[in-house]
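Enquirer: The lines below spell out each chain.
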Amino acid sequence: MRGRRDAAGVVRRRRKAWELWITIGLLVVLPLISATDYSLHIWTRMAIFLILLTGLNLIQGVAGMTSLAQAGFFGLGAYAAGISAVRYDLPPLAALVVAPVVVTLVALLVGVLSMRLKEIYFTMATLGAGFVLFLLFGRMVELTGGPNGLVGIPPFSIGGLEFTEPIMRYALVAVLAALGAVVAHNLLVSRTGRALRAYGASEPAALAVGASPFRLRLLAFGLSGFYAGVAGALEAFDARFISPSTFDFMTAVLLVVALVVSGAGRMVGPILGALLLTGIEVFAADYADYEPLIMGVIFLVAVQLFPRGVAGELAARWEDRRERAQRSGESLGDSSAPAGTTRTDVGTPAMTEELRR
Amino acid sequence: MRKKISTLLTCSVLLALSACGLGSSGSDTDSDDTIKIGTLFSVSGAGANLGDKMRKGAELAVKQVNADGGIDGKKIDWVFYDPAGDTSTAVQQTNRMLDSDGVELVVGGGGSSGIALAMDPITSGRGVAFIATEGARQIVEPAAEAHPLTFKTTFNDTVMVERLIAFWKANGITRVAFMPDTSSFGQSAQEELERLAPEAGIKVFTAAFDPAANDLTPQVKRLAGNDPQAYLAWTITPAGVTFLKNIRSVIGERDVMVMHGFGFVDDRYMEQAGAASTGTILVSPKLPVWDQIDASDPQQPVMEDFATAYAEEYGGEQPNVYAGQAYDAMMVAVAALRATGGDTDGEKIADAIEGLGTHVGVTGAFKFTADDHSGLTVDDVAVIQWDGSRFLPVE
Amino acid sequence: MDTGLLIQVILSGLSVGAIYALVAVGFGVIFNATGAINFVQGEYVMVGGLSAAMLYEAWDVPVLVAIVAAVAVTVLLGVLTEFGLLGFGRLRTPASITIATIAIAVIVKGSAMLISDRDTYALPSVLGTDSLQVLGASTSRQTVLNLLLAVAAVAALTLFFQCTKLGTTLRAAAGDSETLQTFGVSYRTTARWAFVIAAALGALAGAGLAPLTVMSFDSGTLLGLKGFAAAMLGGLGNPRGALAGGLLLGIAEAVMSGYGAAAYADVVAFVVLLAILTLRPTGMFGTARAVRT
Chain G
1 MRGRRDAAGV VRRRRKAWEL WITIGLLVVL PLISATDYSL HIWTRMAIFL ILLTGLNLIQ
61 GVAGMTSLAQ AGFFGLGAYA AGISAVRYDL PPLAALVVAP VVVTLVALLV GVLSMRLKEI
121 YFTMATLGAG FVLFLLFGRM VELTGGPNGL VGIPPFSIGG LEFTEPIMRY ALVAVLAALG
181 AVVAHNLLVS RTGRALRAYG ASEPAALAVG ASPFRLRLLA FGLSGFYAGV AGALEAFDAR
241 FISPSTFDFM TAVLLVVALV VSGAGRMVGP ILGALLLTGI EVFAADYADY EPLIMGVIFL
301 VAVQLFPRGV AGELAARWED RRERAQRSGE SLGDSSAPAG TTRTDVGTPA MTEELRR
Chain S
1 MRKKISTLLT CSVLLALSAC GLGSSGSDTD SDDTIKIGTL FSVSGAGANL GDKMRKGAEL
61 AVKQVNADGG IDGKKIDWVF YDPAGDTSTA VQQTNRMLDS DGVELVVGGG GSSGIALAMD
121 PITSGRGVAF IATEGARQIV EPAAEAHPLT FKTTFNDTVM VERLIAFWKA NGITRVAFMP
181 DTSSFGQSAQ EELERLAPEA GIKVFTAAFD PAANDLTPQV KRLAGNDPQA YLAWTITPAG
241 VTFLKNIRSV IGERDVMVMH GFGFVDDRYM EQAGAASTGT ILVSPKLPVW DQIDASDPQQ
301 PVMEDFATAY AEEYGGEQPN VYAGQAYDAM MVAVAALRAT GGDTDGEKIA DAIEGLGTHV
361 GVTGAFKFTA DDHSGLTVDD VAVIQWDGSR FLPVE
Chain Z
1 MDTGLLIQVI LSGLSVGAIY ALVAVGFGVI FNATGAINFV QGEYVMVGGL SAAMLYEAWD
61 VPVLVAIVAA VAVTVLLGVL TEFGLLGFGR LRTPASITIA TIAIAVIVKG SAMLISDRDT
121 YALPSVLGTD SLQVLGASTS RQTVLNLLLA VAAVAALTLF FQCTKLGTTL RAAAGDSETL
181 QTFGVSYRTT ARWAFVIAAA LGALAGAGLA PLTVMSFDSG TLLGLKGFAA AMLGGLGNPR
241 GALAGGLLLG IAEAVMSGYG AAAYADVVAF VVLLAILTLR PTGMFGTARA VRT
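Here the protein sequences line up with chains G, S and Z, keeping their order.
Letter 45 of the first sequence, counting from 1, is numbered 45 in the working numbering, and no numbers are missing.
Letter 162 of the second sequence, counting from 1, is numbered 162 in the working numbering, and no numbers are missing.
Letter 290 of the third sequence, counting from 1, is numbered 290 in the working numbering, and no numbers are missing.
Looking at chain G on its own, in the form it has when it is part of the complex:
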């Protein structure tokens, strides 16, 4: 329970770039393992989940708030991109820019309305926002195509270059996913990021360093919306068809659960979560009638086994050992942080704190 910030903290965080390298490494390695059309389709799907979870990680893992609006924002991004391309003939590249902007604005609006609420109330406000979006996708038939879905979305293209080959489609999503991971990583080691983490771990600590919790959380939530917008636009151009069913309550829940059991707050959490989501989807497809049952049991067991996430467990132990090894070499002088300060880099901060009581 010793927290070491400032100089020592920065050094350690830089070392933590290994988590970022795992993410990028996997994005590169996966198509080398298998590059059939179907595998590439699966990897693409995984990478889209990765972007969604990287965004969700900012609000869930770092600011310590559970958002059930991510599926709705994902859908909003997909529809914003799809509608701009189909109804307004915007070039795909422009649509890819429009979508995250629209979603970020909506996320900020929802954030302004709900950010001052306590944890569980905030979660329920995001549930409401996500559900309203989901229902509107199905009801605004003129604009969205309604429950039948939006057809006729063109493939992604830059200039005259169309991204129709599976490998191209994967490359596009993977590059953006990697970029997103790098941005998230840099953000987190920046001053703002540290303040965010500090806030997630303990509010007084954040206040003490002069950060405004409201603004910080709003920033995190807006960013999570931005990521969802990018993911949505990519989904629209990849599937070239979108319908409301993809963005329902269950998707919102699955995203949160996948992130929590993988390790919210860790940089490596989103990639593990994305692998978990795609893995279960592929695995469960072979058990048609038992699919919902299998999903439910897997998630209950996972939540019970890893309340602070697989990555949280692993990394916490690994870093503890490193730290101990290092400390035995150093003088003990710098480990005298005030008692009761929580670690700022493990698990969902709120959960971790609770677990250690």
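A few of these clues could be false.
To be verified - One-sided and incomplete, this derived list gives chain Z residues near chain S with beta-carbon spacing under 10 Å:
1) Q8
2) F217
3) M256
4) T282
5) G286
Derived from the structure by calculation, the hints contain no laboratory data.
The C-beta atom is built at its ideal place from N, Cα and C for all residues, glycine as well.
Using the hints, position chains S and Z against chain G.
Expert: Just chains S and Z, lined up with the frame of chain G:
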């Protein structure tokens, strides 16, 4: 201990994923003595009941064909997945069928129009023929230009609505209260009805409802203000039972015609609505009244054989129209495969289906042409009535 | 203005609202005991209604016997839910418990789908099929019963919370579970009782709902979420608030169906949820906990 478990889980996730990717690269050698047909129906999720009936219909067709020695000696190897009503899952499963499982022909589009619409570009893109079992006409229209390889064995809403309008005209009905649910099933019908009815001089007053609604009296009462002669609901969900109960309660003794679309042709629903369902009029394929139509109708023996075999296979259960559509889709595929001599090339299959002439199925006498990939006409629609214990044809 | 339509809209709102109210009360009981939102609540309604209807249809038992048996089944499920959530001693925060309840809801729904073989089942009303005519509008007699049930449940719970030892304990948990534990009352015991009460309320809601429509494995999920919106509207954890919230939400939906864009009726609940959280997160009647940071 905890650490071991976590390491184990992480590794197994990674392993499972790479295995699924690797497995696809070469494990499915294209065997010459089977034909792989792939099917998606949502047997879990909101439309599970319907999806299950469709699966049974298709499964029965596969069993019958294989028991008869298959197609020119080749057995059908049937691949089935459940997208649970979700289009993105369905897209993933369709890719899996085509790229990894080696499926050569796709029959059945997930049990909802949205899914079939999502599958069509994938199958077409691979040059694979696709026979859908879902309603929306956009799945196959325009056939020649945009959907040359995609067919469906269901009624276009246009056909159903035309039959309804003819029926209303014959009975002097000019004012209709229409209650579609907000699913794709209801919305597609609403589009067609609001397009075609005014041309025929029929006024339609619409109030939609949520498929999960538990009380529809506000809509019924609101529409009653327009003094309609008929109430028509368009849904496949249990809310249709609530509709029947609410109509009887709100309208009371007033003489109005209570109607349902073909999605609600189901003995169980009718029985569960109790006295409120007696006298309900429905537009439907002829299947529910197969035992009461003229034996000279070429469709009659086909329906009888199907109903008998289905009841035998599934413990006395009577088939509904969805089971019939799925059975037809599989049988159309089989007929086409017999015509091509087992060749599964998409264009050859499409030519074969268009060249079938009249394929007498359970749902109707299909006449597929290059411009009509739905194949059913107003003549295949029956108007039927629930008399309190069974469906009867209405003249 | 058509008074018939107005009365009809109000009757419809009360009919559906009574069910929402029963669901909302259940959310409140568990929130008070654990601080978590129990997403299995909607599935309790489904299990209660579906098992009563299945017992009635399959074994031809009298309606009342079927309902009693269904309540017993659902209460057992409630006890199992509590065990599944807290039995391993690993979930401590309301957020992690809430997420686990969703997993359990998925399991319950998946099992119900297999057990019912995706079929729908009907349960007749104990009051018969005749409808009740009120000032040019009409409703099922069951509506009256459901309203009485909701009012009785709220009254009974209020008495229970104020006048019995167990009730006081459950209410104390709402304030602070840690203080409670220092007084030697086990968190698990309180939680278990909360789940028993919530499941019983859910089962009653299901038995009240079944005669208005038909039940299937899919009947509970959306109802649960709307019941939650009702609970928030009235003030989460406040039984009287839950009653008012349920009825108001029911009426708001009916107004949308009767006068507004009927297709958007189911959006109302979630707009209400967002609005109440933004404007007055304690709900109309207040809640036992702090809601803002």
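Enquirer: Compare the structure with each hint and give your call.
Expert: Okay, the hints, checked on the actual structure:
The restraint placing Z:Q8 at the interface with chain S holds, with a minimum CB-CB distance near 4 Å, inside the 10 Å limit. For Z:F217, the interface hint holds, the least distance from its beta-carbon to any beta-carbon of chain S being 7 Å, beneath 10 Å. For Z:M256, the interface hint holds, since its Cβ comes within 10 Å of a Cβ in chain S; the closest pair sits about 8 Å apart. With a least beta-carbon distance of about 29 Å to chain S, the hint placing Z:T282 at the interface is violated under the 10 Å criterion.
Interface hint at Z:G286: violated, since its Cβ lies 29 Å from the closest Cβ of chain S, which is beyond the 10 Å cut-off.
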